[in-house]
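**Q** Please arrange chain G on chain U, whose structure you already have, making use of the hints.
One line per chain: the protein sequences are U and G, in this order. Start counting the first sequence at 1; every next residue gets the next number (my numbering). Start counting the second sequence at 1001; every next residue gets the next number (my numbering).
Relax, there's no trap hidden among the hints.
Label-pair distances were calculated between CB atoms; the ranges are:
#1 U/Val187 x G/Arg1443: 54 to 62 Å
#2 U/Thr266 x G/Leu1109: 42 to 50 Å
#3 U/Arg145 x G/Arg1378: 30 to 38 Å
#4 U/Leu270 x G/Gly1383: 31 to 39 Å
Computed footprint of chain U on chain G, listed as stretches where at least three residues anywhere in the stretch have a Cβ under 8 Å from a Cβ of chain U:
#5 1347-1358
#6 1363-1369
#7 1384-1392
Since the hints were made in silico from the structure, they are not lab data. Note that beta-carbon positions come from the ideal geometry of N, C-alpha and C, so glycine has one too.
Given next are the chains, with one letter for each unit.
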Amino acid sequence: MSETTTAAPPSGSAADAGDGARAKGPGLLGGPLGRNLGLVVALLVLCIVGAITAPGRFVDVDNVLTILRLAAVVGVVSVGMTFVIIGGGIDLSVGALVALSSVWATTLATQAMAQDFHWIVMVFTAIAVGAGAGLINGIVIAYGRLVAFIATLAMLAAARGLAEIIANRRTQIVQDRGFIEFFGGDVLGIPTLVIIFALVAAAGWVLLNRTTFGRRTFAVGGNAEAARLAGIRVQRHTVWLYVLSGVTCGIAAVMLMARTTTGSSTHGTLLELDAIAAVVIGGTLLVGGRGTIVGTVLGVLIFTTLGNVFTLNNLSSSAQAVARGVIIVLAVLLQQRLAAGGARPRKKARGAATSGSPAGALPGGSATPGGPAGARPGDSGGRPPT
Amino acid sequence: MSTSVASPSGGSPLLSTPLLEMRGIVKQFPGVRALDGVDLDVRAGEVHCLLGQNGAGKSTLIKVLAGAHQPDEGEIRWDGDRVTLGDPQAAMARGIATIYQELDLVAGLTVADNVFLGRERSRLGITRPAQANRAAGELLARLGHPEIRPTAEVGSLSAASQQMVSMARALSQDARLIVMDEPSAVLDAEEVDHLFQVVRDLTADGVAVVYISHRLEEIREVGDRITVLKDGRTVATGLPARETSTAEVITLMTGRTIEYVFPARREVRDQAAEPVLEVQDLSLAGRFRDVSFHVRPGEVLGLAGLVGSGRSEILETVYGARRATTGTVHVAGRRLRPGDVAAAVGAGVGLAPEERKSQGLLLGEPIYRNITLASLARFARGGYLSGGAEKQAAREQAEALDLRPVDVDREVRTLSGGNQQKVVLARWLLRDCTVLLLDEPTRGVDVGARSEIYALIRALADRGVAVVVVSSEIPEVLGLADEVLVVADGDVIARRPADELDEHQVLDMVMEGAAPVPGAAREGDVA
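So that you can see chain U by itself, here it is in the shape it has in the complex (with noise of 0.2 Å):
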């Protein structure tokens, strides 16, 4: 016995001198905050810069509310999709179920439920239609084992166009009034749609940090054989982690029904890709197992402020897609850098094993587990025409 302590110190703390800090990471109060402190720089910063370049204007409640309404929509879907990729999946399809959730609820079939009885009706139909679609992801995701990307991808797909084909490619506008007055409306000064997306986001941040869901989040998609030998359902948590998904794609459908009054197939166009980037520059590493709430309401809110300066000084919006670009390769840079601490055992076993092959050309395979994040941000910079 007293071998053994002679014998494990040296280890742990040769390993503990890298990850002296790291190793806190995890911890509920002190990491987040110290992860997230680059990102809180970085939205000082660009504040600070909207404060120089458009004085008046950008120093103003009222901006300031247009900027957190803007960041409601996108900020809800991206709390679900921090809970997808954490759980060690994608969910690319969020735009065209915000559309397809829209559009159904605001069908004139809904809206004569809605007049007869309440507007929760549509909420509710929104919702409904959100987390079906989600379900139906979340099985052929997990029992049907396709990869998330593609499944999403046909979900992307099939969803935008059901919806066309419901609205029958025609803007449908929304009638009821109280709708349109509770979600349009505000409390206190703050705008209705912002106190929804603080609530979502409060709510992941709950679900994440102090439930057993949230736990066996990070460690399905941080080892999910792992999970699996420890006794957790593995397929039927992820079924879940698609249906939250879509849950809060027909939470934003109501949301861009209230700011639009009309529910369209055309709502949420890319809005995948803003969630995307979101969450990832807000420090969820794509390949699952870690990420924060706080950081993904940080991108969302970056993102939104990065567009609100480049519009007060009338820079076009061609400029701040290069500009969305750049940050989001810069975030996921130092995330690798953050990353490559704890990736680093894991290489080791892996060039061990292959870098003996006559091959001899494994060694890029340590690369992977940037590869993804590097390659689908950068489309999301691009924006290609889907």
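**A** Positioned in the frame of chain U, the structure of chain G alone reads:
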């Protein structure tokens, strides 16, 4: 250097300089001295067999030879010149090719693509598939396998054919020394005969082969000389393969110098107690057949066998991580649903998997989250976790197991192997498991911490847990278990009380693939 080198002058002294000479090779890993003075010399045109138990250092040695590991001490001579094999490319450039146990081919590429991977036949960057196919075809024909089409996709080939592709790749590099790590493990009898023919042809051309196998009859058939490793040292080198008796080889391989302290067994076991784990006629197609055993509370059952014999698969199937083809598993009288891990966990079964890092732990998460992973529900009310109670419970387990450091907020990745294993054990202790399945519980655990793990396992049994232990290290199974099942090629060939077996007997059984005493096979004890 090792004094135990008992070199009986080797075979013919025709070639004065061996092709390869390794002297006093030492390789140290954190906590383990994997190689502690290994000598090996290989002559051109011979089949040199490398023998040794698991953990004797064979894998490390061939990795040093392949340039994948750098030795800390010792020298390597190639053709009489001292060389440094700084990386795999350097080893390949010298003509050393290694065929690993897990084949390292790209399944989606063709045979020819794989043969010339990294050295594609091309002109100005444009590949020349016709030329590559022709060259690959010639190599395969030389290996006696012209039926393997160079244009076939490697993923569609049998394991034996894939091995030939690996060998063709070695030949295409003009290898002068080919290392084969248990090549027969994936082959059937006929394919093994083919392989031997290929090996003989190669050696006739002057190529040297280092052949690793656990099967003594193969070594007698194809080998020229034998080197035996034990505990990272060469204990004998240059033994004539055909004349050396099985008994002599096994004696050299056994009697390990490192003695672990095994905790005392309970003198009187409670034979009356109802078994808590009952396994009846369990089979998994292609892996193992008709395995039956039962374990009582407080009992430790050991599964001994070679890698690939099916022992780990038995454990995983009992646990539901693999779905049994036939047979049943009962825990405390209730039948477990096949292929359902969550059901097994719910019934009180826990598994410490073989690959601790990839199957057992969330390396980036703190210790306490790893410990509580299987018992989260206990700390939650309506899904809401009580962080304080959770950490407190984890800390208690960590202290009970003498985990170092006890700081449960630390990431698991920063712990040593022994302490990581304790985290896995703590997870199941917290759950109050009644059945604990341990697959290679001391793999990657340094020598000092092993006795501690052994004591822990025994203490668990004394608390009434039924334990099943799988290990490649026979002394470990014998020292730890009350009863031992010997597994070979997916069959249970013997079941005996551990104190009636010795390392020598077990090794003999697993290497010859049969139990010397009939009647012991496939029978659960009836006591």
